[in-house]
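A.B. asks: Chain residues, written in single-letter form:
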Amino acid sequence: MRDLVLMWRNTRMVVLCAISGALYAAVLVPFKVVPLIPGVTELRPANAIPVVCSFLFGPAAAWGTAIGNVIGDFFGGVGPGDIFGFLANLAYGYVPYKVWNALAGGRNPIARSPLSIGCYVTACLLASMQCADIVGWGENLLALRPFSVMGNVIVFNNLLASLALAPFLLYAIYPRVCRGRMLYQDMMPELRAMPRAVQLAGLALLAFGVFGAWVAGNLVSTGYWEPAFLPLRMVQAPYDGAVAVVVSPFILVSALGLGLM
Amino acid sequence: MPIYLYLDRETFLHRLNPSVKVFALFVMFWSVYWVDQPLALVPLGVLLVAAAEFTDSWPNFWRLRWLFALVILFTTLAWMVFYRRGPAVANLGIIHLSHASLLFGFGRGLKLAELLATSVLFLSVTKVEELTEGLTKLGVPYRAGFAIMLAFRLAPLFIDSAVTVAQAQRLRGYQFDRGGPLERIRRYVPVMIPVFMGALRKANNMAVALETRGFGRNARPTSLAEYPTRWPDVAACVVLAGLAAGYFLIYYAGYGAIAAN
Amino acid sequence: MKVERAAGPNVEAPTTGAPAFIETHGLSFTYHQSARPALSGISFAQRQGEMVGVMGASGAGKSTFAKCLNRIIPELEDGVFEGTIHLDGRSLEGVSVAELAGTVAMVFQDFEAQLFCTTVAQEVAFALEQMAMEREQMKKRVAQAIEAVGLRGFERRDPTSLSGGEKQRLAIAAVLALNPSLVLLDEPTTDLDPEGKVQVFELIARLRTSGHNLIVIEHEAEELRRCDRLLLIDDGKVAADAAPAQLLAEVELLERCGVHAPGLNRVLNGLGIRAHAQNVDHAEDMIRNRFAHRLPVAAPTPLSTELESCDPLPIDTRRVDGSPSGPLAEVRSASFAYPEGPPVVSSVDLEIREGEFVALVGQNGSGKTTLAKLIVGLLRPTAGVVAIAGKDIGRADAAGVARQVGYVFQNPDHQIFADSVEDEVAFGPRNLGLAPGEVKRRSETVLEAVGLTAQRASDPFLLSKGERQRLAVASVLAMQPRLLILDEPTTGLDYREQRRMMHLVVELNRSGIAILMITHTPWLVTEYAHRVVLMRAGRKLFDGGVRAFVSGDAMLARSSFRVPEVTQLARRFGAISLSAEEFVRWLKTQV
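Residue numbers (our numbering), protein chains in the order written: chain A, 388 to 648; chain B, 1338 to 1598; chain C, 218 to 808.
Excised from the complex, chain A in its bound form (with noise of 0.2 Å):
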């Protein structure tokens, strides 16, 4: 993660960061389009946004992501549980291109091939579900919504823009930025990537995290799992300690994964 350190001393990283975050809430804020759960989440093109943006900037889509949210916000209000979706935008916009790069290499993101069609998806599933993962286990840590409600609901929305909406901008997007010298690897060619054994065991573990946080998530706070190891009042609705017990060690195993990558 040394990248969202080092990204700050670049001016052109800092003005992208800026410009992702904007893009973003500018996008989220005019074409909220479909309420999936009215009040809660909608089905919104924006979310595209990031993970064209991690592809292209790197390090600066991951701060501007986590930005962006935060003034999506400022339009509709802010609440406790923003401070988790910071956190969970952040992965949203840091996930795509760490998983790219430990499964891809350096290749072009926008081949056409069935191995790169495959890691793209494999990048989008993780970003959606760790951002998930993330707002869900945080609501429920502040005994707001139950882990099942927004766990759920992101992955869904998430997937959905990532996978029929971001391709097709990537594909018209990534060639010209290429071209203009503005990718990440352009604006800051100092940073090196970690030896591949070691990005693709951050990847397993980033992976067991993520599945792992999201299982346990919806399986506790439905109460489909009443861990027997929780005292008694935790595996009872609504279930609040039990799903902070059981989804946090996933949480933090899916962030030493990313660490490594």
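Heads up, a few of these hints could be off.
Pairs of lysine to any residue residues, derived as SDA-like cross-links and limited to a Cα-Cα distance of at most 20 Å, are as follows [stated by the list, open to error]: (1) LYS682(C) x LEU1537(B); (2) LYS357(C) x THR336(C); (3) LYS1474(B) x ALA349(C).
Hints in this document: simulated from the structure, not taken from any laboratory.
On the provided structure of chain A, position chains B and C as indicated by the hints.
C.D. replies: Quick look at chains B and C alone, frame taken from chain A:
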């Protein structure tokens, strides 16, 4: 259409030190966190209504009236699905309608609405630069604070751009609301590409303009803005600390919880 | 006179004893992945207190030259750089852009890209904060800079709420606060309306008086008359380096280099007087001297048709009235206001007939764009009716309107998105559900019309601004509208591109398409339009022929429209001419 919620008024709350405003936000979140019982949330609600009246923030609340209603309604319903405690009064499918589940769901809906109201009030009396100043005081690095401010400044520009692009494409016979969810989300491509490319054209110019104004020349830039601490700030902090302690005592005394059966 | 057309060093020897303040030798730069150098061996010297104007067509190398002076090149741009720069005798080699920030300041064309803060005062203080200046000193500097640009009272305003001219003045204040030794202004008025342009040029004149070293890049030569020296750059080389009085008289040279020569000088040149006119009085004196007062004395110019008018231009197919066809667009007592806002358009009546060429003019905020959006159905009138071809637009769908009325936005980048020029043009016809064969036929036809057939497979984002503007027109034309609305179609284009765009519009008009052109550029109105509609505060102030428009003193005084100097000059001789060529032709018949 006003984009941000800030209302330029000369009230006591507007004039508070930004750090005190951030502290107030934290105290409200803290107080809400400890209680689920709707009755226990009433004093906070009264406080928020008084503050809204005092700061004349009603236009913002009116603007978001549907969001408040939907948040309360759907949070209540969502918890009635998962909080399956107390004898059911009626059989409504997946919704467990009992006195306890209704009270619990409504309490959490009210909590969310009060948090939303707190944030609307905060945004009604706090400028973006005060927020970044507050964040900087909390230890957020200068460049990150600057990126946040820049993103806030750029977002309205990009929103204008997105609206214009959507108009331009409509005038070329393009319809956004055709097809199912997948098709509808994909139909945003002709809007998002021009907005994206316009933003990228700006990025390079901005980075260059920043450098020519000395950005990055000094690791610790000074600030024109002054936010002195005055006696009303101290008094506000004392009252807020009392509120935080009071709500913890309500929790500790067991008045904040809901009897499940 | 010394007008050089040199490729090698051509630094003029100082005419006063003042030493060169900034000096460059052999400046060359080739951008990354470009085969052609943007700058080739530019040598230049500027003396203390001088104001130098830099002219040239788009892509000539003007901005590249300015960027070299404050080290943006080679510090922030990839490419091959050669040459030396000395500032006050000190070499700038190895100095960073940020280090030079307090010494060489730059104001850019795009004002939105150089404002970063949320209040005016903070914007001005931004660079001082970066210098870690103490607060009390900073406050003084901020107040001085705000005062200098005439923005006192705006300190707490959000920069986004300012007009274009105010934003650009704010950008200038933000660099003035640094007390720089040299201020570079790179086309600071290109994106501004006439009022904003006047504000900025007045400010530049004040800066010059107060002794600032200034370099102003501009492609409108008329605005550079107040400079001490002019540098004409063509294809990366210095084409001429001389005093304005000398260089601006070289009309052919300027136009060959893609610079719009001052209209007065074009008149003089057409009459065989190779001289530079400082203003309309000066031009009149020269013409009267040359023709020994054989010309008529200025006649009173009431708003009437009694005035002697000139023959129309060859490209002009003016038909103000009497067109046999019925109205294509009709606006009847239309008003519009945003919710809870004041009226933006109030009780406007307007008719546009087949084949007309109407210029819609007025200050920013006068309701021009709103009126155009009412006509195209993007906005619905809050009162009154808008009808297209006799049908109430309120009852038509967007696609139906698109077949009748095309709207080209000011910024072509607001609609371009496709991978190729051809796809971009085909987008509209495809949306109308036309058969592939018809889509292809229309694409080919309109690409041919706008001169982009050769670039049909190109990426639209690689085209020049002028080409992108023509592509935007083509993509709307492919819908085969009967009325084409153009919102500021020449903004940001250099003189050659402006002429090319206008020739395209005239050709379209000749083919039968009615044109409604929103513009701030006076010479476009006088040289090309048939009819003028002047808006002011949401109301229609004038609607009639161009000649009547430019002779209506009282009405013009109430609007911000600056009648072109050539037309003002013609009126001194009792004529109403709409272009330099027309006036020259008329004068020749009189002497």
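A.B. asks: Now, for every hint given, state plainly whether the structure supports it.
C.D. replies: Structure-based check of all given hints:
no. : hint                   : verdict
1   : LYS682(C) x LEU1537(B) : holds, 16 Å
2   : LYS357(C) x THR336(C)  : holds, 17 Å
3   : LYS1474(B) x ALA349(C) : holds, 17 Å
Violated hints are absent here; each numbered hint is respected by the structure.
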